[in-house]
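K.L.:
As you go down the protein sequences, you meet chains A and B in turn.
Under our numbering, the residues of the first sequence are numbered 9 to 134, in order.
Under our numbering, the residues of the second sequence are numbered 24 to 329, in order.
Rather than coming from a laboratory, the hints here were simulated on the basis of the structure.
Don't take each hint at face value.
To be verified - If we take Cβ atoms under 10 Å as the criterion, some of the chain A residues that face chain B in the derived model are: (1) V35; (2) P37; (3) I42; (4) S59; (5) M61; (6) K78; (7) A83; (8) M87; (9) H88; (10) F95; (11) S97; (12) A102; (13) F110; (14) G112; (15) A114; (16) S118.
Said to hold, decoys possible - Footprint (simulated), chain A over chain B, 3 or more residues, beta carbon under 8 Å: (17) 63-70; (18) 76-89.
From the three backbone atoms N, C-alpha and C, an ideal C-beta is built for every residue, glycine too.
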Amino acid sequence: MSTAEHNVAGTHDAHIAPHHEHAGAHVVPGWLLIGVYLILMVLTAITVFVSTMDLGQYNIIVALGVAVIKASLVALFFMHLFWDSKFNSVVLIAALIFVSLFIGLALLDSTAYQPVIKVTPVAKVP
Amino acid sequence: MSTAEIEISEHGQAGHDPHLAHHFDTLEQQYSSAKLGMWVFLGTEILMFGGLFCAYSVFRHNYPLVFSFAAETYLNTKLGALNTVVLITSSLTMAWGVRAAQLNQRMTLIVCLILTLMGAAAFMVVKSIEYTAKWNENVFVGYGNRYNNDYGGKEKADLPTQASGGVPLPATPVTPPAPTDANALKDVSQIRPRYNSPEGLVIPTSKDVVSLTPAEKEELVNERFHALPDQDQWRVSVFFSCYFLMTGLHGIHVLVGMGLITWILIRAVRNEFNSEYFVPVDLVGLYWHLVDLIWIFLFPLLYLIH
Chain A
9 MSTAEHNVAG THDAHIAPHH EHAGAHVVPG WLLIGVYLIL MVLTAITVFV STMDLGQYNI
69 IVALGVAVIK ASLVALFFMH LFWDSKFNSV VLIAALIFVS LFIGLALLDS TAYQPVIKVT
129 PVAKVP
Chain B
24 MSTAEIEISE HGQAGHDPHL AHHFDTLEQQ YSSAKLGMWV FLGTEILMFG GLFCAYSVFR
84 HNYPLVFSFA AETYLNTKLG ALNTVVLITS SLTMAWGVRA AQLNQRMTLI VCLILTLMGA
144 AAFMVVKSIE YTAKWNENVF VGYGNRYNND YGGKEKADLP TQASGGVPLP ATPVTPPAPT
204 DANALKDVSQ IRPRYNSPEG LVIPTSKDVV SLTPAEKEEL VNERFHALPD QDQWRVSVFF
264 SCYFLMTGLH GIHVLVGMGL ITWILIRAVR NEFNSEYFVP VDLVGLYWHL VDLIWIFLFP
324 LLYLIH
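Throw the hints in and build the complete structure from the sequences for me.
P.N.:
Given below as structure tokens:
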């Protein structure tokens, strides 16, 4: 962030340059917001389109991959993380790491308490 | 603001910005502290939703066929996609509103907030249409679900005999017969693999279930339903527990967001925000984007299952 965009609050510079943020925040350019919005729309269309195709196990990977890209765009640009103090990103990533640990560890032994014994697939009936 | 600076603030300090609390050195420090606090709150929100995502992951991992049956049969992808578009659009107007507040554009801020509010309302309208459809199709949550063992309403699903209380009787442990055993082979159709495998079940699928007549649809639903492993059939109701808890908690967040945006809108009409003081707009914006963020994951996980 350049110093011109990053005026300290309460200085008279801030009043002279009204198009720049005063309290340390960054003003996102309008074209960027529109651009991110259009990309999000395209990604939504892609994820709906891909779901109509049968890619086997790759369907879920594509769906979640697109969702992660969309979420990153929202977090970085709509939520200002791209320009913010990196500590805010650390808080978000920490939450995501703990959720991943939670889900990952739960999935590790989720099949261990079933009332039904796992039956391995057998050969097809001729 | 320049007139405010020379006034005596409520804390009796001359030259003190009226929006700067006395325990902060600068507005910048106050602003970044507020944002950090909001992010910590958003982190806890993600952790709260994480519990539901965890339940979803475990159930979908264990019963992939149940999930694909329930989602393909009952969830309307078009309405889900429409809600995704509506919510992302309202995220854009919210982000634009924050930008307008930062640039002292009061009217733009007001218009953006009204548009965001309309987007949120549209989302809830679509959501209520979907919930009504679930109610009419007897696939509501818990005992209101025709696949639940204790369901008492009409059109209960044709479930295999099970103990009451929603818990199936432990199935007799089944030993897979050796493929060469001719007698055992007859019973292979009774033994269905619990995992989606190349040898596993193929659920008859048909696009645009919505366009079928009710009788055709019922027939198709039954056909697909009975293709599910017997011991998993009642778990279709578990999918709807996941669906209603996840979208319901998200919907509550949308309602809370509508309240917050209304509050910000009233303050904007009162001209309380300007380029030096817009923290509430920014923080409510962050909250609203988080609601969008959660939906970005809910949509493919619930509506786009195959």
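K.L.:
Holds or violated: A:P37 as interface residue toward chain B, Cβ cutoff 10 Å?
P.N.:
Cβ of A:P37 sits 9 Å from chain B, so the hint holds.
K.L.:
Should the interface hint for A:A114 be scored as holding, given a Cβ-Cβ cut-off of 10 Å against chain B?
P.N.:
Since the shortest Cβ distance to chain B is 5 Å, the answer is holds.
K.L.:
Going by Cβ atoms only, is A:I42 closer than 10 Å to chain B?
P.N.:
holds, 8 Å
K.L.:
A:V35 was flagged as interface toward chain B. Is the shortest Cβ-Cβ separation under 10 Å?
P.N.:
holds, 5 Å
K.L.:
Using Cβ atoms only, decide whether A:M61 comes closer than 10 Å to chain B, and label the hint accordingly.
P.N.:
This hint holds: A:M61 lies near chain B, its Cβ roughly 9 Å from the closest one there, short of 10 Å.
K.L.:
Closer than 10 Å between Cβ atoms is the bar; does A:G112 clear it against chain B? Give me holds or violated.
P.N.:
A:G112 check passes; min Cβ-Cβ to chain B is 9 Å, inside 10 Å.
K.L.:
Given A:S97 as an interface hint, is its Cβ closer than 10 Å to any Cβ of chain B?
P.N.:
Check passed: Cβ of A:S97 comes within 9 Å of chain B, closer than 10 Å.
K.L.:
Holds or violated: is the Cβ of A:S59 closer than 10 Å to a Cβ in chain B?
P.N.:
Holds. Min distance 4 Å.
K.L.:
Do the numbers back the hint for A:F110, that is, is its least Cβ distance to chain B under 10 Å?
P.N.:
holds, 5 Å
K.L.:
Should the interface hint for A:A83 be scored as holding, given a Cβ-Cβ cut-off of 10 Å against chain B?
P.N.:
holds, 7 Å
K.L.:
Counting residues of the stretch 76-89 of chain B with a beta carbon closer than 8 Å to any beta carbon of chain A, are there 3 or more?
P.N.:
The restraint on the stretch 76-89 of chain B holds, since 6 of its residues have a Cβ under 8 Å from chain A and three suffice.
K.L.:
Min Cβ distance, A:S118 to chain B: is it shorter than 10 Å?
P.N.:
Holds, because the Cβ-Cβ distance from A:S118 to chain B comes to roughly 4 Å (cut-off 10 Å).
Of the numbered hints given earlier, the model fails none.
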